[in-house]
Each structure stands twice: as C-alpha cells, then as structure tokens.
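*Asks:* FYI, our numbering numbers position 2 of the sequence shown as 153, with every residue one higher than the one before it.
Careful, some of the hints might be misleading.
[Claimed, not checked] The calculated label-pair distances, taken between Cβ atoms and stated as ranges, are:
no., residue 1, residue 2, range
1, E224, Q204, 20 to 28 angstroms
2, P199, R235, 47 to 55 angstroms
3, T202, R230, 35 to 43 angstroms
4, E210, K247, 30 to 38 angstroms
5, P199, A167, 30 to 38 angstroms
6, R230, A182, 17 to 25 angstroms
7, V209, L252, 32 to 40 angstroms
8, G238, Q204, 26 to 34 angstroms
9, V192, R235, 17 to 25 angstroms
10, R235, K169, 32 to 40 angstroms
11, V246, G183, 37 to 45 angstroms
12, G249, P180, 38 to 46 angstroms
Since the hints were derived computationally from the structure, they do not count as laboratory data.
Where a beta carbon is used, it is the ideal one built from N, C-alpha and C, also for glycine.
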Amino acid sequence: MSNIKKNDNVKVISGAHKGKTGAVLSVDPKAGRVIVAGVNVHKRHEKPSRTNQAGGIVEKELPIDISNVMLLEGSTPVRTRRVREAGKKSVRVSVKSGKAL
152 MSNIKKNDNV KVISGAHKGK TGAVLSVDPK AGRVIVAGVN VHKRHEKPSR
202 TNQAGGIVEK ELPIDISNVM LLEGSTPVRT RRVREAGKKS VRVSVKSGKA
252 L
C-alpha cells in the first residue's frame, strides 16, 4: 500500500524534475507510478476528435515513479508511516512531527 494518495502535495526528490512540487492527479499503485500536476509535462500531437475538436499540440503530464516523490507537510518533505488508532483503520503519520496527515 502506498502512502501517496490523490490530491496530496508532493515534492520530486530525484530525477530530471527534482525540486518541483505539485498535487497528485492520479496514482497507479500496481505499477508504482504517479502523475503530478506540472511535472514531466510533454507535448503530444493529437488529431481532432469528439473530445478535442480542434486537435493540435496538447501538453500532458506523464507518470513518474512513486519512489521519486515525497509527501509535503506544509512546505517540508516528510517520511510517513502507518499507525493504527484504537479500533479505527490505520492513518498516515509524519515521522518527523508525529502529526496525522
């Protein structure tokens, strides 16, 4: 199970886009990939279709490996762990501050 979820703010910690931050648009836990807004953006040439009537050059975010991103708490990247609370399912907790995320 991944500690990164959709709509989390993350920072890229390695690779060509190191240092960029953005919100997670989607997570593929089976493949271990995430799509982050504004990171790994490529231009694709698309033909006109029903969804994109004009066609042309479209910018699209492509997936990066989940190990290359780190969850942000405020503006600092933090490691997370899972902690089980009394009778509830496990929650994500910051290793640094101990706060639930």
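*Asks:* Each hint: holds or not?
*Replies:* Tested hints:
Look at E224 against Q204: about 42 angstroms separates their beta carbons, and that is not inside 20 to 28 angstroms. With their beta carbons about 52 angstroms apart, P199 and R235 fall inside the hinted range of 47 to 55 angstroms. Taken as a hint, the range 35 to 43 angstroms holds for the pair T202 and R230, whose Cβ atoms sit roughly 40 angstroms apart. Separation of E210 from K247 is about 35 angstroms and conforms to the stated range, judged on CB atoms against 30 to 38 angstroms.
Between P199 and A167 the Cβ separation comes to about 31 angstroms, which falls inside the hinted range of 30 to 38 angstroms. The hint said 17 to 25 angstroms for the Cβ distance between R230 and A182, and at roughly 22 angstroms that hint holds. Distance hint check for V209 and L252: the Cβ-Cβ separation is about 33 angstroms, which falls inside the suggested range of 32 to 40 angstroms. Distance hint check: the CB atoms of G238 and Q204 are about 53 angstroms apart, inconsistent with the given range 26 to 34 angstroms.
In this structure the supplied range 17 to 25 angstroms is violated for V192 paired with R235, their Cβ-Cβ distance being about 38 angstroms. Our hint of 32 to 40 angstroms for R235 and K169 holds, since their Cβ atoms are close to 34 angstroms apart. Between V246 and G183 the Cβ separation comes to about 21 angstroms, which falls outside the hinted range of 37 to 45 angstroms. As the Cβ distance of G249 to P180 is approximately 25 angstroms, the hint placing it in 38 to 46 angstroms is violated.
Checked against the numbered hints above, the structure breaks hints 1, 8, 9, 11 and 12 and satisfies the rest.
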